[in-house]
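*Asks:* Residue numbers (this note's numbering), protein chains in the order written: chain A, 1 to 362; chain B, 1 to 260; chain C, 1 to 186.
It should be emphasised that the hints constitute simulated quantities derived from the structure, not laboratory data. In this text, a Cβ means the ideal position worked out from N, Cα and C, and glycines have one as well. Careful, some of the hints might be misleading.
[To be verified] Quick list of in silico lysine-lysine cross-link-like pairs, BS3-like style, CA-CA up to 30 Å:
#: 1; chain 1: A; residue 1: K205; chain 2: A; residue 2: K194
#: 2; chain 1: A; residue 1: K230; chain 2: A; residue 2: K194
#: 3; chain 1: A; residue 1: K205; chain 2: A; residue 2: K230
#: 4; chain 1: A; residue 1: K126; chain 2: A; residue 2: K205
#: 5; chain 1: C; residue 1: K158; chain 2: A; residue 2: K4
#: 6; chain 1: C; residue 1: K158; chain 2: A; residue 2: K3
[Claimed, not checked] Listed next, with one range per pair, are the computed distances between beta-carbon atoms:
#: 7; chain 1: C; residue 1: G11; chain 2: A; residue 2: K4; range: 21 to 29 Å
#: 8; chain 1: B; residue 1: D37; chain 2: A; residue 2: E218; range: 32 to 40 Å
#: 9; chain 1: B; residue 1: G202; chain 2: A; residue 2: E192; range: 40 to 48 Å
The lines below spell out each chain.
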Amino acid sequence: MAKKLMKGSEAIGEAAVQAGCHLFFGYPITPQNEIPEYMSMRLPQVGGTFVQAESEVAASNMLYGAAGSGERVMTSSSSPGVSLMAEAISYLAGAELPVVIVNIMRAGPGLGGILPSQGDYFQATKGMAHGDFRLLVLAPWSVQEAADLVQDAFDLADYYRNPVLVLGDGLIGQMMEPVEFREGRLPIKPLEAKTWAATGNDGSKPRSVINSLFLDPEALERHNVHLKEKYDRMVRDEVRFQSYGLDRDYDVLIVAYGTVARVCSTAIDELAASGVHVGMVRPVTLFPFPYQAVREAAARASSVLVVELSTGQMIEDVRLALANSKPIHFLNRMGGMLVSPDAVVDKIRAMADGRSTEVVHA
Amino acid sequence: MPETVFSRPEALRDVTTHYCPGCTHGTIHRLIAEVIDELGVRERTVGVAPVGCSVLAYNYFETDFHEASHGRAPAVATGIKRARPDLVVFSYQGDGDLASIGMAEIIHCANRGEKVTVVFVNNAIYGMTGGQMAPTTMPGQVATTCPLGRDVDHAGHPIRIAELLSTLRTPAFVARASVHTPLLAVNAKEMLRRAFSLQIEGRCFSLVEVLSTCPTNWGIPPAEATRWLEKTMLPYYPLGVFKTPESGSREPRPLDRGVR
Amino acid sequence: MQNDVIMAGFGGQGILLIGKMLAYAGMREGKEVSWLPSYGPEMRGGTANCTVVISDRPVGSPVIRSPRAVVAMNLPSLDKFEPDVRPGGLLLYNSSLIDRRPARQDVTVIEVPANEIANSLGNPRGANMVALGAYLGATEAVSIDGVVEVVRETFAAKPGVIEVNITALRRGHEIGAAHTVGAGEA
Numbered sequence: 001m002a003k004k005l006m007k008g009s010e011a012i013g014e015a016a017v018q019a020g021c022h023l024f025f026g027y028p029i030t031p032q033n034e035i036p037e038y039m040s041m042r043l044p045q046v047g048g049t050f051v052q053a054e055s056e057v058a059a060s061n062m063l064y065g066a067a068g069s070g071e072r073v074m075t076s077s078s079s080p081g082v083s084l085m086a087e088a089i090s091y092l093a094g095a096e097l098p099v100v101i102v103n104i105m106r107a108g109p110g111l112g113g114i115l116p117s118q119g120d121y122f123q124a125t126k127g128m129a130h131g132d133f134r135l136l137v138l139a140p141w142s143v144q145e146a147a148d149l150v151q152d153a154f155d156l157a158d159y160y161r162n163p164v165l166v167l168g169d170g171l172i173g174q175m176m177e178p179v180e181f182r183e184g185r186l187p188i189k190p191l192e193a194k195t196w197a198a199t200g201n202d203g204s205k206p207r208s209v210i211n212s213l214f215l216d217p218e219a220l221e222r223h224n225v226h227l228k229e230k231y232d233r234m235v236r237d238e239v240r241f242q243s244y245g246l247d248r249d250y251d252v253l254i255v256a257y258g259t260v261a262r263v264c265s266t267a268i269d270e271l272a273a274s275g276v277h278v279g280m281v282r283p284v285t286l287f288p289f290p291y292q293a294v295r296e297a298a299a300r301a302s303s304v305l306v307v308e309l310s311t312g313q314m315i316e317d318v319r320l321a322l323a324n325s326k327p328i329h330f331l332n333r334m335g336g337m338l339v340s341p342d343a344v345v346d347k348i349r350a351m352a353d354g355r356s357t358e359v360v361h362a
Numbered sequence: 001m002p003e004t005v006f007s008r009p010e011a012l013r014d015v016t017t018h019y020c021p022g023c024t025h026g027t028i029h030r031l032i033a034e035v036i037d038e039l040g041v042r043e044r045t046v047g048v049a050p051v052g053c054s055v056l057a058y059n060y061f062e063t064d065f066h067e068a069s070h071g072r073a074p075a076v077a078t079g080i081k082r083a084r085p086d087l088v089v090f091s092y093q094g095d096g097d098l099a100s101i102g103m104a105e106i107i108h109c110a111n112r113g114e115k116v117t118v119v120f121v122n123n124a125i126y127g128m129t130g131g132q133m134a135p136t137t138m139p140g141q142v143a144t145t146c147p148l149g150r151d152v153d154h155a156g157h158p159i160r161i162a163e164l165l166s167t168l169r170t171p172a173f174v175a176r177a178s179v180h181t182p183l184l185a186v187n188a189k190e191m192l193r194r195a196f197s198l199q200i201e202g203r204c205f206s207l208v209e210v211l212s213t214c215p216t217n218w219g220i221p222p223a224e225a226t227r228w229l230e231k232t233m234l235p236y237y238p239l240g241v242f243k244t245p246e247s248g249s250r251e252p253r254p255l256d257r258g259v260r
Numbered sequence: 001m002q003n004d005v006i007m008a009g010f011g012g013q014g015i016l017l018i019g020k021m022l023a024y025a026g027m028r029e030g031k032e033v034s035w036l037p038s039y040g041p042e043m044r045g046g047t048a049n050c051t052v053v054i055s056d057r058p059v060g061s062p063v064i065r066s067p068r069a070v071v072a073m074n075l076p077s078l079d080k081f082e083p084d085v086r087p088g089g090l091l092l093y094n095s096s097l098i099d100r101r102p103a104r105q106d107v108t109v110i111e112v113p114a115n116e117i118a119n120s121l122g123n124p125r126g127a128n129m130v131a132l133g134a135y136l137g138a139t140e141a142v143s144i145d146g147v148v149e150v151v152r153e154t155f156a157a158k159p160g161v162i163e164v165n166i167t168a169l170r171r172g173h174e175i176g177a178a179h180t181v182g183a184g185e186a
């Protein structure tokens, strides 16, 4: 298929359709309204169904019902809306239902603002809701990658029977870039028929009950162990990251994700033009986090710079990766303000001549 | 030649329920199961269980089931039905689940005209959590969170779900039944049959509110509970069909004479 | 080689549209492109803007703080973005609606009477096309022929406006071409 110039939000919607998702339940919230708008136009063209729910609470529970029926289903929202979905996401994880949830992050806390942010990293990777569960979290840095990861997300969700969260920001949602949807794309995982789905029982298979309730503590513990084994397999098999500029010697290693890493790549190019070489590891999966890649790349640097649009959330995973082996510096903006390439360049120069104070000591 | 005159419906599982003596959940389960059997749709029926006393309903019906989070059963049912319109989908919900935390979901499910059936069991109390005030608790009725009885100045009046939903313009079947006498139980079954049939015909959303007793949390013996339901609940929650897909919207009435 | 530009004006001037047309034409020439609109509070209070990057390499930051070029279609846009133009860069301003001359001495300033030209062509809504043409003439960021094709596609549903818009584009191009500055190095 030829390249099309698409908004990130539209590319995300189209990617879902291309992945065979014919069901979308959502509720309006800025800055991701173009996703439900696109789906409301597109899904009827493929015989699918779009429902504007009365709330994110309802939308996410519609997801639960649709996924329990064995169909591919997606919702999208932005930070405050995802908080409202958190309850259902715990149930989805507990009942092991494959769904794709897109969070186009905006600045918080509370109602916050509507401009880009990365303030939901903790929520996405550590503490979405009650109970003991994990989401696979994918963080695109371009419109093309957003489209690719959404398609992969459906395969991963089905394979692991687990919700997959695509974590973008307002930039990913709003910007237009060329996108190509490859024809004849095959699933990235071996997928089996969803015999567990609750689609009526004619006695040919065991009754299907979509459920997260286990009143017997021994049964619940067995369930928890089963889920943990699944999360361990994700950690073993699904880590994704991109290296940038690691083919040369470098003094500073940047760790950044999403569109912020795009900004950093420009800074790295500009610094390289003046003879200063900086490397970068960009986590593509935030859970599982690429601890080993960060540790190995940092081993070649004298210090590490974490860049985020938050008070400092991913930096905690970088600390875990490095175990105090390297000093860590931090550059951030919040509230919808963006880190510019110039700011990254200035920070790298400040680190070089001692004007930057590390936030984590080696 | 012995003739079978009474047996367990196929759609009901051969298990012991956890319901208390004098509670009518068991009766209501059975009526639903009989209707499912008689309509011949058991193999394509999917139920949605709530949070509340009937949280374990999925253990009692011989159909596929979803266990929903608190109040969200109509949204879950929407998801199932939209994904698989060929399935027969019903939710089974109590008054705390449907009329309190799930009020938005039920109103919007009905208003969208989802082709699902909701069985709403109203026993005027939170059962599973131990007898707290429900949105349907009667004025003056004692509950653990209104120990002096429901004060309508403070907590408002009980919500009449059947009446509320029947104001929606979207075609629907909305009825209220009770099962505390055999004759009423027969009527309730007819209402359930109508509700499921309309869904199967692809006609409309359907809801049957069923009044129920809760001797445990009302703190009275079962027989007395039945009398309390008749004396206290029936006058406030009248039985009957409130809305059919054929009935139109309600026209506003003029102001009463003398109002200026 | 990279060209990047912030185009700004007030809502209704077709700023986001010419930005999209530029990005689309760039993509069709096989270049890497990104188009980033302002959204939210910035869209209120009179200015809408978008950032377009056209590059031979994958586009790094879609957010450009110091653009190589700014196209300012009204005074608030000039006030906001004039200080940001990269030294040695390009500043095009719509002299039909902006009654002050830019103060910057370290950038190439091109005066484009976009509304006057559009009006003289009987196409008062074509000021944006004049500005886009001027930007193309000054930078050759993408070929004007490619943009002409995009104009034909964009207005396919309104064939009556295609030729007047192409004329507006070409008139702008002549003004810009008199000041060709070339692209900056990536």
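*Asks:* Determine for every hint whether it applies to the structure shown.
*Replies:* Hint check:
no. : hint                         : in the structure
1   : A:K205 to A:K194             : 12 Å, holds
2   : A:K230 to A:K194             : 17 Å, holds
3   : A:K205 to A:K230             : 24 Å, holds
4   : A:K126 to A:K205             : 36 Å, violated
5   : C:K158 to A:K4               : 22 Å, holds
6   : C:K158 to A:K3               : 25 Å, holds
7   : C:G11 to A:K4: 21 to 29 Å    : 26 Å, holds
8   : B:D37 to A:E218: 32 to 40 Å  : 35 Å, holds
9   : B:G202 to A:E192: 40 to 48 Å : 32 Å, violated
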